[in-house]
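J.: Residue strings, one per chain:
There are 2 protein chains.
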Amino acid sequence: MIVNLGTVGLDTTETPFKSVSKLVGGSGTYSSIAASFFAESGLIGIVGDDFPEEYMNIFRDRLDLAGLVVEKGKSFHYVSSFGFDLGARTSIATELNVFGGWDPVVPEEYKDAEFLYLGNVGPQQQLSVLDQVDGPRLTIADTIEYWINTDREGLIEVISRVDGMVLNDNEVRQLCQAPNIITGAKEILDWGPRFIVVKKGEHGAILFTREKVFPTCGYPLEKITDPTGAGDCFAGGFMGHLARSGSLDESVMREAVVYGNVMGSFAVEEFSIERFLPLTIEDIEGRYNLYKSMVSF
Amino acid sequence: MIVNLGTVGLDTTETPFKSVSKLVGGSGTYSSIAASFFAESGLIGIVGDDFPEEYMNIFRDRLDLAGLVVEKGKSFHYVSSFGFDLGARTSIATELNVFGGWDPVVPEEYKDAEFLYLGNVGPQQQLSVLDQVDGPRLTIADTIEYWINTDREGLIEVISRVDGMVLNDNEVRQLCQAPNIITGAKEILDWGPRFIVVKKGEHGAILFTREKVFPTCGYPLEKITDPTGAGDCFAGGFMGHLARSGSLDESVMREAVVYGNVMGSFAVEEFSIERFLPLTIEDIEGRYNLYKSMVSF
Numbered sequence: 001m002i003v004n005l006g007t008v009g010l011d012t013t014e015t016p017f018k019s020v021s022k023l024v025g026g027s028g029t030y031s032s033i034a035a036s037f038f039a040e041s042g043l044i045g046i047v048g049d050d051f052p053e054e055y056m057n058i059f060r061d062r063l064d065l066a067g068l069v070v071e072k073g074k075s076f077h078y079v080s081s082f083g084f085d086l087g088a089r090t091s092i093a094t095e096l097n098v099f100g101g102w103d104p105v106v107p108e109e110y111k112d113a114e115f116l117y118l119g120n121v122g123p124q125q126q127l128s129v130l131d132q133v134d135g136p137r138l139t140i141a142d143t144i145e146y147w148i149n150t151d152r153e154g155l156i157e158v159i160s161r162v163d164g165m166v167l168n169d170n171e172v173r174q175l176c177q178a179p180n181i182i183t184g185a186k187e188i189l190d191w192g193p194r195f196i197v198v199k200k201g202e203h204g205a206i207l208f209t210r211e212k213v214f215p216t217c218g219y220p221l222e223k224i225t226d227p228t229g230a231g232d233c234f235a236g237g238f239m240g241h242l243a244r245s246g247s248l249d250e251s252v253m254r255e256a257v258v259y260g261n262v263m264g265s266f267a268v269e270e271f272s273i274e275r276f277l278p279l280t281i282e283d284i285e286g287r288y289n290l291y292k293s294m295v296s297f
Numbered sequence: 001m002i003v004n005l006g007t008v009g010l011d012t013t014e015t016p017f018k019s020v021s022k023l024v025g026g027s028g029t030y031s032s033i034a035a036s037f038f039a040e041s042g043l044i045g046i047v048g049d050d051f052p053e054e055y056m057n058i059f060r061d062r063l064d065l066a067g068l069v070v071e072k073g074k075s076f077h078y079v080s081s082f083g084f085d086l087g088a089r090t091s092i093a094t095e096l097n098v099f100g101g102w103d104p105v106v107p108e109e110y111k112d113a114e115f116l117y118l119g120n121v122g123p124q125q126q127l128s129v130l131d132q133v134d135g136p137r138l139t140i141a142d143t144i145e146y147w148i149n150t151d152r153e154g155l156i157e158v159i160s161r162v163d164g165m166v167l168n169d170n171e172v173r174q175l176c177q178a179p180n181i182i183t184g185a186k187e188i189l190d191w192g193p194r195f196i197v198v199k200k201g202e203h204g205a206i207l208f209t210r211e212k213v214f215p216t217c218g219y220p221l222e223k224i225t226d227p228t229g230a231g232d233c234f235a236g237g238f239m240g241h242l243a244r245s246g247s248l249d250e251s252v253m254r255e256a257v258v259y260g261n262v263m264g265s266f267a268v269e270e271f272s273i274e275r276f277l278p279l280t281i282e283d284i285e286g287r288y289n290l291y292k293s294m295v296s297f
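Protein chains in written order, with the numbering used here: chain A, 1 to 297; chain B, 1 to 297.
Rather than coming from a laboratory, the hints here were simulated on the basis of the structure. Errors might be hidden in some of the hints.
What the hints assert, rightly or not - Label-pair restraints from in silico Cβ distances:
1. B:Glu222 / A:Glu250: 19 to 29 Å
2. A:Glu109 / B:Gln177: 48 to 58 Å
3. A:Glu269 / B:Arg161: 47 to 57 Å
4. A:Asp134 / B:Arg210: 50 to 60 Å
5. A:Asp61 / B:Asn149: 44 to 54 Å
6. B:Lys18 / A:Gly87: 50 to 60 Å
7. A:Glu187 / B:Ser247: 40 to 50 Å
8. B:Leu290 / A:Leu290: 23 to 33 Å
9. A:Gly87 / B:Arg161: 26 to 36 Å
10. B:Asn170 / A:Leu290: 26 to 36 Å
To be verified - As a list, the in silico BS3-like pairs of lysine-lysine whose alpha-carbon atoms are at most 25 Å apart:
11. A:Lys186 / B:Lys212
12. B:Lys18 / A:Lys186
13. B:Lys186 / A:Lys18
14. B:Lys186 / A:Lys223
15. B:Lys223 / A:Lys200
16. A:Lys186 / B:Lys200
17. A:Lys292 / B:Lys212
All C-beta atoms in this analysis are idealised placements derived from N, C-alpha and C, irrespective of residue type, glycine included.
For reference, chain A alone in the conformation it holds in the complex (with noise of 0.2 Å):
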């Protein structure tokens, strides 16, 4: 099982191409839904009785939702923008609702969880059911600005307890205030963790351990229609790839940054999580090896 806490909420999307008004979202949504393609996911997270029935039926299908309460009130709402080349977002309103405050609870039979995926929420929740669990053989964790500004602390605790981080280019910059993403993650992997993945949207991803460098560039897209949730999507991938795979050897972490890369292009092909909808795991493995046909030299 891999076990995904973060953020389950509506989005509200603007591009100069098409906006789109309160669909599902969030970074637990995203990675919890891109794993369930390669393992059993399970989703730890909180929603407002307005959550949408059609939202909750997909989630049914596709997740198991022990760990994810449903309170009396709005579900967190996200609205942001994105310019004319998609590449940098613009926060317009964070409306926490229900998510403001929680708690999250692990259920007992997410205890001993193997694979556990800490997305963006805040530090202090991320380290609350670091408490809660029976040390997962994998957990890995990603964060956002918004944390690294106003809990350096806390994240740096969070980064020093996880086996590997998945952070952005711009993150690692921030975090470690170094104009350099190399030099940047590797002092973060001083900080503890096994392995770092920095995430570069469209130019793909580079995985980091203390021995190996591994870049990678991302799957070329004629149509890219939201960037949201690729970062997300591309941790579900990542850990499911491992998850089914049993191993964590050099060589099957480079393939799953790999599926890392392939499950962030499917996610921004569509809104939300449309393109998802219809996808098989066909799909994902037809994309792999046409990504490996295309970068062989």
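On the provided structure of chain A, position chain B as indicated by the hints.
T.: Showing chain B alone in chain A's frame:
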């Protein structure tokens, strides 16, 4: 012989970490020296009689200078600065000096050159050189934003007459007025060339032919001193490997893109051509092989 057309002059460059004044630079300088590690390399350019003898001696050592004109006056001088992440360059001053109004003349002995690189001089100068040569086996061209804005028509004629273009990602977006570089590159292929290489700085480069896409990541560098010239060194390494291989097959083109990345990665480690001076072909092959094992999965 690889013939390189381009600017030759002096660069003054400011970065947040260090600044340098009037070191040798220019697109012709960078591409011709990068190419010289692989094959005989000639330079078509113009300098003033103030061009330092120290640099002229380096040129004499490495290059065929039949196409380099020395004219009374000052050499081309370019002043620019980079911000914290060394990503975006700001032009501060472009003193054309003897380069202004220069009409390049192709020496007799270059007219049957097999390989021709048209660096980022004006489209009319590139067309003039194309008119003077006897149909090289492979011609590639580069440009800069300035020419996209001031002589788009001339540039499109250049594009229609060369075998390949090397452009950076922003130039592709500007040229096609489209946000996506993959659809952009495909549009440019429709204008005539057989291939496009889209350079993405530290994020590597993507080769587009009519049939295939070959994305590559950049060689990961901990120390980036000055991004100036990376694109031209990419072109020099790319042409260089094709010239020494004698083949333009897809598989050799792919290797050439990686040699391009490798030469670009050396270039940015120091200001000007300083990193190239102590470099040997063994260093280049070493980095190529390291890159290959780094990215394999």
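J.: Determine for every hint whether it applies to the structure shown.
T.: Hint check:
1. For Glu222 (chain B) and Glu250 (chain A), the hinted distance range of 19 to 29 Å is satisfied, since their beta carbons lie about 21 Å from each other.
2. The hinted window of 48 to 58 Å between Glu109 (chain A) and Gln177 (chain B) holds, with their beta carbons roughly 54 Å apart.
3. Between Glu269 (chain A) and Arg161 (chain B) the Cβ separation comes to about 36 Å, which falls outside the hinted range of 47 to 57 Å.
4. For the hinted restraint 50 to 60 Å between Asp134 (chain A) and Arg210 (chain B), the CB-CB distance of approximately 56 Å keeps it satisfied.
5. For the hinted restraint 44 to 54 Å between Asp61 (chain A) and Asn149 (chain B), the CB-CB distance of approximately 52 Å keeps it satisfied.
6. Evaluation of the 50 to 60 Å hint for Lys18 (chain B) and Gly87 (chain A) yields a failure: the beta carbon distance comes to about 28 Å.
7. Between Glu187 (chain A) and Ser247 (chain B) the C-beta distance comes to about 44 Å, which sits within the given range of 40 to 50 Å.
8. The supplied range of 23 to 33 Å is met by Leu290 (chain B) and Leu290 (chain A), whose beta-carbon atoms lie about 26 Å from each other.
9. At roughly 33 Å, the beta carbons of Gly87 (chain A) and Arg161 (chain B) sit within the given window of 26 to 36 Å.
10. At roughly 27 Å, the beta carbons of Asn170 (chain B) and Leu290 (chain A) sit within the given window of 26 to 36 Å.
11. This hinted pair does not check out: Lys186 (chain A) and Lys212 (chain B) have alpha carbons roughly 35 Å apart, beyond 25 Å.
12. Between Lys18 (chain B) and Lys186 (chain A) the alpha-carbon distance is near 23 Å, which keeps this suggested pair within the 25 Å criterion.
13. Of the supplied pair hints, the one linking Lys186 (chain B) and Lys18 (chain A) holds, its CA atoms being roughly 23 Å apart against a limit of 25 Å.
14. Distance check on the hinted pair: Lys186 (chain B) and Lys223 (chain A) sit about 13 Å apart at the alpha-carbon level, within 25 Å; holds.
15. Straight-line distance between C-alpha atoms of Lys223 (chain B) and Lys200 (chain A) comes to about 19 Å, which keeps the hinted pair within the 25 Å bound.
16. With a C-alpha separation of about 23 Å, the suggested pair Lys186 (chain A) and Lys200 (chain B) falls inside the 25 Å cut-off, and the hint holds.
17. Restraint check for Lys292 (chain A) and Lys212 (chain B): satisfied, since their Cα atoms lie roughly 13 Å apart, inside the 25 Å limit.
When each numbered hint is compared with the structure, violations occur for hints 3, 6 and 11.
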